[in-house]
Amino acid sequence: MKAKIMDSMQKFSKAMFVPVLILPIAGILIAIGNVFTNPRLIERLSFLDNPITMGFGSILSASLLPILTNLGIIFCVGIALGLANKKKAEAAFTSLLGYLVFLYAMNKFMELRGMLVDPTELQGSGQTLVLGIQVLDMGVFLGIILGLVVALVHNRFIDTVFNNAFQVYGGARFVFIILIPLLVALAIVFSFVWPIVQTGIDNLGGVIKETGNFGIFIYGTLERLLIPTGLHHLVYTPFLYTSLGGVADIGGQVFEGARNIYFAETADPAIKVLSSSVIWDARGISKMFGLVGACLAMYQTAKPENKFKVKAILIPAVVTSFIAGVTEPIEFSFMFVAPMLFVIHSALSGLSMVALNMLGSRAIGPNGFIDFVLYNLPLGIEKTRWPVYIAVGICFFFIYYFTFKLLITKFNLKTVGREDSGQETKLFTKKEYKQKQQSQPVPSNTEGSSGQIKLDPDQLSAVIVKGLGGDENIKSIDNCYTRLRLKVADPALVDEELLKVETEAKGVIKNGESVHVVYGLTVPQIRENLEKYLGREEEE
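Quick note on this note's numbering: the sequence shown kicks off at 1291 and runs consecutively.
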């Protein structure tokens, strides 16, 4: 039962990634639009003071802000797409239809029951307009719930086939037929139940706000601590995109969630100081500064004969973490060999958020330095207090550095380059491993100057398949931002060492039938090549 629950949570976490990965794109483009309309920048850069660039910036920001007010439909389609086992496009289309059915059913039921308030008095009534339809304000939770419902029904009935004249009503059509009465019933039930649920959510948000820095510390610590399970998305997503992260009325529109409030306020020149929501998206301190200090500590504590190899391993990981905010290559370098460091890292990440909150900084940098520059610098110091963010980051660079160095040396932790005598520093591919494992060599390997084996896509896929126990052992293939996510028939057949050494995997996590293989930003291409190699393109 525990394995099934964890597997379901991981699937849901993976599905959440579909919409979550798109939303930062909107945020970046809104930030770019702000550059062209920011009064301070226009005063300093006279070439921006023209109707073309100002008009472009205004249109860009205005066209993307509605994404933040329509997150329900985005999450509904994204989650249905992510959770569908097959025929994902049909699941996404059905979810869109289901979303409309639910809205109109709830609106009509509330109208018949006399539950609708005057459209001019929506503020504070618990009701809102969604796609122009007046319903209860369920926010992003509506999309999450409907996405789950559609995915469950889709996976259960998508293979339904009828004979003779009823053939046309099979498959996706039958899924929609099943959904119609179910969604109408849900609309009626939620008309009575959701106000109670919303009260609970509001109270929870109040508790978190009242706990202040303690609540922020717990949030920041859990967000890192759950990375091995892949469930960390379930921690930060509610705060960034739902009322748990705060509610603000900006320009006559209500925005929920810390990230949405931030984007909306930065797009409004009339707002001088960004409001204080429950929790800002302050994960960037550990990504841009803290883990860089940790890597310096690991390099300096490595054995002298291994330092060149350690440098070759850590420098690309540091650049990726600082620039793009992808931390898993670094975290997996010590997560399992020195779990004490990972717990310390998680706690320090939480403390960095507390420090920013105490010092009143509202700057964000969730995905590294590029995001930090685009989001904060154009807004000026008054709105974001971004210099405080930099100062805190520098402090945590040294905190991470001295803490990691002390713990590594005091407890003789086997971080990168400190392996026991007789062990090699091999987080990545080496020719010698094949001889050591007495496995059949992959043909046409070429060795670069770093000693790593370079494989073409088919060769790499062949080794991955072997490491996963063969074609017949691989039940499903998927990926998130940095991980290849798989379901296998027999986890005992998975060769973790082979995957790490022969395919340059940064880490392998097994939890029942679920296997996560961490490759970093190249994982979408690795997945595509693997599916082509196995002839499973139809899984999409």
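Accuracy of the hints is not assured; some may be wrong.
Calculated cross-link-like contacts (lysine-lysine; reagent style BS3-like; alpha-carbon spacing at most 30 Å) [to be verified]:
1. K1597 to K1700
2. K1800 to K1378
3. K1377 to K1756
4. K1301 to K1376
5. K1301 to K1822
6. K1765 to K1800
7. K1822 to K1756
8. K1499 to K1593
9. K1777 to K1822
10. K1704 to K1756
11. K1777 to K1301
12. K1376 to K1294
13. K1695 to K1378
14. K1695 to K1376
15. K1695 to K1597
16. K1704 to K1376
17. K1822 to K1800
18. K1398 to K1294
19. K1377 to K1695
20. K1704 to K1597
21. K1593 to K1700
22. K1704 to K1377
23. K1294 to K1599
24. K1294 to K1378
25. K1777 to K1601
26. K1599 to K1756
27. K1601 to K1673
28. K1800 to K1704
29. K1599 to K1765
30. K1765 to K1822
31. K1756 to K1695
32. K1599 to K1499
Listed next, with one range per pair, are the computed distances between beta-carbon atoms [as the list claims (entries may be wrong)]:
33. D1748 to L1386: 33 to 41 Å
34. G1670 to R1446: 49 to 57 Å
35. E1762 to L1667: 23 to 31 Å
Think of the hints as simulated: they come from the structure by calculation, not from any bench. All C-beta atoms in this analysis are idealised placements derived from N, C-alpha and C, irrespective of residue type, glycine included.
Each hint, compared with the structure:
1. Pair hint K1597 plus K1700 holds up; C-alpha atoms about 19 Å apart against a cutoff of 30 Å.
2. For a cut-off of 30 Å, the pair hint linking K1800 to K1378 stands: about 26 Å separates their Cα positions.
3. The hinted pair formed by K1377 and K1756 meets the criterion: a straight-line CA distance of about 28 Å does not exceed 30 Å.
4. For the suggested pair K1301 and K1376, the alpha carbons sit about 14 Å apart, so the restraint of at most 30 Å is met.
5. For the given pair, K1301 sits about 23 Å from K1822 by alpha-carbon distance, which is consistent with the 30 Å threshold.
6. Distance hint between K1765 and K1800 is fulfilled; the C-alpha atoms sit about 14 Å from each other, no more than 30 Å.
7. For a cut-off of 30 Å, the pair hint linking K1822 to K1756 stands: about 16 Å separates their Cα positions.
8. At most 30 Å may separate the alpha-carbon atoms for a hinted pair to count; K1499 and K1593 exceed this at roughly 47 Å.
9. Taking the CA atoms of K1777 and K1822, the gap is near 17 Å; set against the 30 Å cutoff, the hint holds.
10. A threshold of 30 Å between alpha carbons decides the hint, and for K1704 with K1756 the separation of about 28 Å falls inside it, so the pair holds.
11. A C-alpha spacing of about 10 Å is found between K1777 and K1301, which places the hinted pair at or below 30 Å, so the restraint holds.
12. A C-alpha spacing of about 20 Å is found between K1376 and K1294, which places the hinted pair at or below 30 Å, so the restraint holds.
13. Taking the CA atoms of K1695 and K1378, the gap is near 48 Å; set against the 30 Å cutoff, the hint is violated.
14. Between the alpha carbons of K1695 and K1376 the distance comes to roughly 48 Å, so the proposed pair goes past 30 Å and is violated.
15. Among the hinted pairs, K1695 with K1597 is consistent with the structure: their alpha-carbon atoms are about 15 Å apart, no more than 30 Å.
16. Simply put, K1704 and K1376 have alpha-carbon atoms about 43 Å apart, too far for the 30 Å limit, and the pair is violated.
17. For the hint linking K1822 to K1800, the alpha-carbon distance of about 24 Å falls within 30 Å, and the restraint holds.
18. For the hint linking K1398 to K1294, the alpha-carbon distance of about 38 Å lies beyond 30 Å, and the restraint is violated.
19. A hinted pair counts as satisfied when its Cα atoms are at most 30 Å apart, and K1377 with K1695 does not qualify at roughly 50 Å.
20. Proposed proximity of K1704 and K1597 is supported: the alpha carbons are some 14 Å apart, at most 30 Å.
21. For the hint pairing K1593 with K1700, the CA-to-CA distance comes to about 15 Å; that is within 30 Å, so the pair holds.
22. The suggested pairing of K1704 with K1377 is violated, with an alpha-carbon distance near 46 Å, which exceeds 30 Å.
23. Note on K1294 and K1599: the hinted pairing is violated, with a Cα-Cα distance of about 40 Å set against a maximum of 30 Å.
24. Annotation: proposed proximity of K1294 to K1378 holds, straight-line Cα distance about 22 Å (limit 30 Å).
25. Distance restraint check for K1777 and K1601: the Cα-Cα separation of roughly 34 Å exceeds the 30 Å cut-off, and the hinted pair is therefore not satisfied.
26. A C-alpha spacing of about 27 Å is found between K1599 and K1756, which places the hinted pair at or below 30 Å, so the restraint holds.
27. The suggested pairing of K1601 with K1673 is violated, with an alpha-carbon distance near 39 Å, which exceeds 30 Å.
28. With a C-alpha separation of about 21 Å, the suggested pair K1800 and K1704 falls inside the 30 Å cut-off, and the hint holds.
29. With a C-alpha separation of about 36 Å, the suggested pairing of K1599 with K1765 is violated against the 30 Å cut-off.
30. Between K1765 and K1822 the alpha-carbon distance is near 15 Å, which keeps this suggested pair within the 30 Å criterion.
31. Annotation: proposed proximity of K1756 to K1695 is violated, straight-line Cα distance about 38 Å (limit 30 Å).
32. With a C-alpha separation of about 46 Å, the suggested pairing of K1599 with K1499 is violated against the 30 Å cut-off.
33. One distance hint, 33 to 41 Å for the beta-carbon pair D1748 and L1386, holds here, with the actual separation near 37 Å.
34. Here the CB-CB span from G1670 to R1446 is close to 53 Å, well matched to the stated 49 to 57 Å.
35. At roughly 53 Å, the beta-carbon separation of E1762 and L1667 lies outside the given 23 to 31 Å, and the hint is violated.
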